[in-house]
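Novice: Construct the entire structure; sequences and hints are all you get.
Number of protein chains: 2
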Amino acid sequence: MSNAITIALDAMGGDHGTDSVIPAAISALDRHADLSIVLVGDRDTLTHCLARQRVVEHDRLRIHHASQTVGMDEPPAQALRGKKDSSMRVAINLVKDEVAHACVSAGNTGALMATARFVLKMLPGIDRPAIISAIPSSVGHTHMLDLGANVDCEAEHLLQFALMGSELARAVEGIERPRVGLLNIGEEDIKGNANVKEAAKLIAASPLNYIGYVEGDDVYAGGVDVVVCDGFVGNVALKSAEGVAKMIGNALKQEFRRSWLTMIAGAIAYPVLKRMRTRFDPRRYNGASLLGLRGIVIKSHGGADALAFGNAIDIAVKEVHKSVPSRIEERISALMGQG
Amino acid sequence: MSNAITIALDAMGGDHGTDSVIPAAISALDRHADLSIVLVGDRDTLTHCLARQRVVEHDRLRIHHASQTVGMDEPPAQALRGKKDSSMRVAINLVKDEVAHACVSAGNTGALMATARFVLKMLPGIDRPAIISAIPSSVGHTHMLDLGANVDCEAEHLLQFALMGSELARAVEGIERPRVGLLNIGEEDIKGNANVKEAAKLIAASPLNYIGYVEGDDVYAGGVDVVVCDGFVGNVALKSAEGVAKMIGNALKQEFRRSWLTMIAGAIAYPVLKRMRTRFDPRRYNGASLLGLRGIVIKSHGGADALAFGNAIDIAVKEVHKSVPSRIEERISALMGQG
Chain A
-18 MSNAITIALD AMGGDHGTDS VIPAAISALD RHADLSIVLV GDRDTLTHCL
32 ARQRVVEHDR LRIHHASQTV GMDEPPAQAL RGKKDSSMRV AINLVKDEVA
82 HACVSAGNTG ALMATARFVL KMLPGIDRPA IISAIPSSVG HTHMLDLGAN
132 VDCEAEHLLQ FALMGSELAR AVEGIERPRV GLLNIGEEDI KGNANVKEAA
182 KLIAASPLNY IGYVEGDDVY AGGVDVVVCD GFVGNVALKS AEGVAKMIGN
232 ALKQEFRRSW LTMIAGAIAY PVLKRMRTRF DPRRYNGASL LGLRGIVIKS
282 HGGADALAFG NAIDIAVKEV HKSVPSRIEE RISALMGQG
Chain B
-18 MSNAITIALD AMGGDHGTDS VIPAAISALD RHADLSIVLV GDRDTLTHCL
32 ARQRVVEHDR LRIHHASQTV GMDEPPAQAL RGKKDSSMRV AINLVKDEVA
82 HACVSAGNTG ALMATARFVL KMLPGIDRPA IISAIPSSVG HTHMLDLGAN
132 VDCEAEHLLQ FALMGSELAR AVEGIERPRV GLLNIGEEDI KGNANVKEAA
182 KLIAASPLNY IGYVEGDDVY AGGVDVVVCD GFVGNVALKS AEGVAKMIGN
232 ALKQEFRRSW LTMIAGAIAY PVLKRMRTRF DPRRYNGASL LGLRGIVIKS
282 HGGADALAFG NAIDIAVKEV HKSVPSRIEE RISALMGQG
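Top line first, the protein sequences correspond to chains A and B. Each residue of the first sequence is one higher than the one before, starting from -18 at the first, in the working numbering. Each residue of the second sequence is one higher than the one before, starting from -18 at the first, in the working numbering.
These are calculated hints, taken from the structure and not from any lab test.
Same chains, same names: a pair is fine if it fits in one copy or spans any two.
Below 25 angstroms or equal to it, Euclidean Cα-Cα: the simulated SDA-like pairs (lysine to any residue) are:
#	residue 1	residue 2
1	LYS178	ARG158
2	LYS299	PRO4
3	LYS182	GLU55
4	LYS172	PRO56
Specialist: Quick look at the structure:
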C-alpha cells in the first residue's frame, strides 16, 4: 500500500445498501484526493448501480465481488459461521489482508462486531471491542464509549475503554491530555454501583487525565472529552438523547404549523432553524468506531443515507491518517511496560 | 383526618429552602380548596418568612417546628442517625403519625430515601423503594422508574417496579391497562444483559400489560406508559435527556442572537418559542414519587423554584386523592394470592 488510503465498503449492508453506499463513495472520492475505495458486494448489482450513476470502475473505485449478504436481523453467530462470503466479511478480510486500510459497514452491528473480532483479533491487552462515537456538545463534541458492544462490563474493561477512548481523542482531535470522565449517577464518591467505583480507582491510578465522575447531562455540557461507561448504559443514554432531540424537533415543527401567523413566523425564522438542524444533524455524527481491534472498522447507522454514510467514510479516512489502532497498541504496551 | 388533604412540606430542604417552599405552599392552597399544609422547619424562620409574604398561620397553613436541617451533601446514614429532629424527618414522621397524608421534600435524595424507608417501612412484597416520575413525550408523558434509588437491581426488583409503576399509572392517569415496557438496548429477544432478560420473563408472566423491550428513544416517542429500568440506567438516561434539551435550548438562543436579522426573526418567532419552552419546562415535571413505601413521599428537585415545588405539591395531592400506596398494596396482595 502506498501513501494513498484504501477503504473497503460493505456495499450491501444497511437498510439502503447500494443506494446510500455508492453515492457516498463517489462523493468521498471527490473530497479526498488520496482515497481509493473498494466496493464489496455482488459484482453484477454493483456494476449496474454504478452505471445508473454514470460511473464505471476506475483506479480509485473498484468492485470486489462477494456473493452473500448478512441480514439486518440475522443472529451474529449464524452470520459468522454461515456467511463466509458476505460483503461484510469480505470487506473485513480486505483489512486483514492489508488490501484496505479500513472498512465501513452499515450492516447488522452484532454480526459486524463478531466478524471483526474473529477476523482481525483484538489488540494485545484489550479484552473486548468497544463502540465509540462523537456526540455533539454545547462547545463541540464529546467522545463516548461503550455505546452497546458490551452489556456487562467489569471495572478492568472500563479502564481499557478509558485508555482507548483517550488515545482516540488524542489522535483524531489532537488534544494532548483528553479529559476522561466516568459516567455515574452523581459526582460524589459514595454514589454509583460497585463496578463503577472500582473502575474509578483503576482509572484514577492510570496516567490518564481522569476528571472523576460525570453525569448524563455532562456529556452534552462540554467539560469532558471522553466519557466512559458500559455498553448498556451508553446505548440507553445515547438513544434517550436521540429521542429527546427528535421530540423537540417534531414539537418545533408542530408549533410553527399551528396557524398562518406561526407559519409566517416559521418562514422568517427558517434560516435560523435550518442552522440548528444542520448543527445537530445526526447524519453529521454518523459513524462509530469499533475500538480495540487490530484494524479500523467503522459502523455506520443502518438507516444511513448517502450523506450519513459519507460521514462514516470520512471518519475511517481520519483514523487511517492518524493510525488509531497502532497508537492504541503503543500506548497500552507503554503502560504495561510501566506497570 | 377528614376528607380534606393535609400535606407536610420540608420547608428547609433544597437549594432555595423557604424561598421556594413558602410561595409554592401559598399558591397551592389557592389551587386546592381541600388542601391544608404543614410547613416543617424552624418556627422563627418560618414565621418571619410568612410575615414577609404578608401571611400569618391559619387553619390551612400551619407551622410545625423542627430544629435541624439535613445538608444537601450530608451522608444519608449520618442524617438518619444524627438528625432526628430535621425538617425532613419530622415531615415524614407526620405522614407516619397520620397527621399528614403525604410529604414533599426538595432535600438530599439519599437522606430522604433512607429516612422514609426507616420511618414509614416498605409495603408488604416490596423490597426497595423506587423513584418514579412523569417524563414528557411526543403525545403526553411516560412514567419511568427507577430513576436512581437502586443502583444494582435484580430481576425480581424490576418486576416489583413494573407492578408499582403500572398501578401508579392506572391510579393517577386512569389508564385501565397501562403499557409496560422494559428498557433495553434492542428490541430483539437476544439483546440485553442477563438481568434484563430474566426480568422480561417475570414481567411477561405477570398479569401486567407488558409490551416487551423498549429502547431509550421510545420513552419520548409515546408508545409506552411505564418504562422499567434499574436506577443507574434510569438516572443516566434522564440526565442525558435533560442535558440534550438544555443544549438545544441554549443553541436556539445562540442562533437567534447571531445578528440583528436573526434577532428580529427571534422576536417574531417568540410566541412559538415560548410555547415550546412551556411545553417542555422541566419545572412542570418536577416531583418524583418514592414508590413502595407505606405512605406518600414526593421528592422535588433540589434546585426547584416556587413553580417547580408547587408542581411537586400537586403530584402529592393527586396521589393522596388516588390513594396510590393502598392501591399498590392491594394489587400486590391480589397477585400474591394468585401466585
